[in-house]
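**Student:** For reference, the chains in residue letters:
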Amino acid sequence: MTTNGNQNPLEALQTDASFARDVAQVRAKAILTELTGGAPPYRWSYTPTRLSRHSSAALWDLGSVSLSNLDRISEFEPVARQIAQAWEAFAKLGEGATRHTALLNAAAAYEYAGYQANAACLSKLVIGEGPSETETDFQQLCSALYAASVHSRDLACGFLVARAAHGKVIGRLHVVGSIACSRCFGVGTRRSIFFVWLH
Amino acid sequence: MLESWLSFAPRSDCPYSFQVADAEPSRDLVDEDIHELKSLAIQARFSLDFLELAAEKLGWDAVKQLVQTSQPKLPRTRRGAFGEILAIEGLIRFQGYAVPVKKFRFAVTGDQTLPGMDVVGLQLGEDDKLENVCFIECKLRTGHDTAAASQAYVQLRNDYESRAADILFYVAARLEEQGNPLLNTVLEYMRDRANTDLDILAIWLTWEQTNWSETTLANVNDEDLLPVPLQVTAIRLPELERLTDSVFTDIAIAPLIDDN
Chain A
1 MTTNGNQNPL
11 EALQTDASFA
21 RDVAQVRAKA
31 ILTELTGGAP
41 PYRWSYTPTR
51 LSRHSSAALW
61 DLGSVSLSNL
71 DRISEFEPVA
81 RQIAQAWEAF
91 AKLGEGATRH
101 TALLNAAAAY
111 EYAGYQANAA
121 CLSKLVIGEG
131 PSETETDFQQ
141 LCSALYAASV
151 HSRDLACGFL
161 VARAAHGKVI
171 GRLHVVGSIA
181 CSRCFGVGTR
191 RSIFFVWLH
Chain B
200 MLESWLSFAP
210 RSDCPYSFQV
220 ADAEPSRDLV
230 DEDIHELKSL
240 AIQARFSLDF
250 LELAAEKLGW
260 DAVKQLVQTS
270 QPKLPRTRRG
280 AFGEILAIEG
290 LIRFQGYAVP
300 VKKFRFAVTG
310 DQTLPGMDVV
320 GLQLGEDDKL
330 ENVCFIECKL
340 RTGHDTAAAS
350 QAYVQLRNDY
360 ESRAADILFY
370 VAARLEEQGN
380 PLLNTVLEYM
390 RDRANTDLDI
400 LAIWLTWEQT
410 NWSETTLANV
420 NDEDLLPVPL
430 QVTAIRLPEL
440 ERLTDSVFTD
450 IAIAPLIDDN
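Protein chains in written order, with this note's numbering: chain A, 1 to 199; chain B, 200 to 459.
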């Protein structure tokens, strides 16, 4: 999980001015799109596929920190918030990921940044919008779990097991289960997820 | 054996704005080829290590039943699976890619279709340095269909633009579970802020030989192509429908008995 010897990749990203510029651009584009109803034809220099890839890697790295050394997660609050803002902007623009995936990623990153209220609001947004043609029921479920997890992670895991036992979502678990769950429950709950697999 | 059955040749003179490679049988299919294809179909669903372990605990009869029930039953899913199997083997054997995560293994049933692009291939150079990341969509057609390749491109383009980061995360998660050293390679690529252009889009077409038309490729050329290199491979096989059915018929019996 390190680059350049022992440096955590998040440390590098935290001081990367070009990443900050990219995030600022995607946020500006999202805000202008919301205000004017369409993206202004500026020459945006970020590439959605690349920025979403970097933001995805950063989410992975945040998860790794939270699993291996939770005490360190607060060191990365600034970059976690940037990543959350990038995913939130992607959700508004429909770039880089499907809308609900981007919202879930934003919620997870806000959670890592310590902004639980933002995280809860975004996950409730996914629930409120209901499933779409391009989204899966599982993303809805993860949002519900996430919202529940704000109050009790154990409750959330219990809910997942209960739903899985009904067989409604088991098909989706294979596909997005560990991704979504490791995002939503980055803080030491991967064992709980394996519990689902075994049942 | 697959290498001796199929001859693979990149087109040197190509009128399209993407690269094309052709693959056709260089000889008639023999029993050993079918055996190998059946074996590949089994390994598309389960690793041989897993099957051996399962056989130790449950016995070969139970394993054969497991293998048989987990294979696709519907003609449509059988053909889709066969196209993916050929594409994966083609990428590995003819183009030197690694395909460490096989999506088909994560289907709950043989007939389940999973969302997102079909295959992600990693091409490694010297010192295992990542040279290319290939996002692949596969199509198999037994009848005439000149629109299928352009449909594949549109699907691939949409997936690349809206799901690539998610799919890479998924690949990384599976590599972590496997304890696969490629995990760091994938993560480094995802983190790479130098934005090195490693991405390639690829379409693997498996077609009934007699129903192939070059219009299929020309239609791809008419699409709004992304500034990401595109490679199209056209595998043309005779009696494709019969071949697909024979690969998935009695699948658990021959390969497992012969191999063990």
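Wrong hints could be hidden among the right ones.
Restraint ranges, calculated between C-beta atoms of paired labels, are given here [unchecked claim]: (1) A/ALA39 x B/ARG392: 21 to 31 Å; (2) B/VAL427 x A/ASN69: 49 to 59 Å; (3) A/ARG21 x B/THR268: 48 to 58 Å; (4) A/SER74 x B/ARG392: 16 to 26 Å; (5) B/ARG275 x A/GLU34: 37 to 47 Å; (6) B/ASP326 x A/THR47: 23 to 33 Å; (7) A/GLY94 x B/VAL427: 30 to 40 Å; (8) A/GLU129 x B/THR308: 51 to 61 Å; (9) B/VAL307 x A/ASN69: 33 to 43 Å; (10) B/LEU252 x A/ALA17: 48 to 58 Å; (11) A/THR47 x B/GLU387: 16 to 26 Å; (12) A/SER68 x B/GLU251: 51 to 61 Å.
In case anyone wonders, no lab produced these hints; they're calculated from the structure.
By construction, the Cβ of each residue, glycine as well, lies at the ideal position given by its N, Cα and C atoms.
**Student:** Range hint 16 to 26 Å: satisfied by the CB atoms of A/THR47 and B/GLU387?
**Tutor:** With Cβ atoms ~18 Å apart, the hint holds.
**Student:** Return holds or violated for the Cβ distance of A/SER68 and B/GLU251 against the range 51 to 61 Å.
**Tutor:** violated (33 Å)
**Student:** Honestly, do B/VAL307 and A/ASN69 meet the 33 to 43 Å range at C-beta?
**Tutor:** holds (35 Å)
**Student:** Quick check: does the Cβ-Cβ distance between B/VAL427 and A/ASN69 fall within 49 to 59 Å?
**Tutor:** violated (37 Å)
**Student:** Between B/ASP326 and A/THR47, does the beta-carbon spacing fit 23 to 33 Å?
**Tutor:** holds (27 Å)
**Student:** Is 16 to 26 Å a correct range for the gap between the Cβ atoms of A/SER74 and B/ARG392?
**Tutor:** The hinted range 16 to 26 Å holds for A/SER74 and B/ARG392, with Cβ atoms some 24 Å apart.
**Student:** Given a hinted range of 37 to 47 Å, is it respected by the beta-carbon distance of B/ARG275 and A/GLU34?
**Tutor:** 42 Å Cβ-Cβ, so the 37 to 47 Å window holds.
**Student:** Does the Cβ-Cβ separation between A/ARG21 and B/THR268 fall within 48 to 58 Å?
**Tutor:** Taking Cβ atoms as reference, A/ARG21 and B/THR268 lie about 54 Å apart, which means the hint holds.
**Student:** At the C-beta level, are A/GLU129 and B/THR308 separated by a distance inside 51 to 61 Å?
**Tutor:** violated (29 Å)
**Student:** Just tell me: holds or violated, for the beta carbon distance of A/GLY94 and B/VAL427 against 30 to 40 Å?
**Tutor:** This hint is violated: roughly 19 Å between Cβ atoms.
**Student:** Quick one: are A/ALA39 and B/ARG392 within 21 to 31 Å, going by C-beta?
**Tutor:** The hinted range 21 to 31 Å holds for A/ALA39 and B/ARG392, with Cβ atoms some 24 Å apart.
**Student:** Quick check on a hinted range of 48 to 58 Å for B/LEU252 and A/ALA17, using CB atoms only.
**Tutor:** Since B/LEU252 and A/ALA17 have Cβ atoms about 51 Å apart, the given range 48 to 58 Å holds.
Going down the numbered hints, you'll see the structure goes against 2, 7, 8 and 12, while the others check out.
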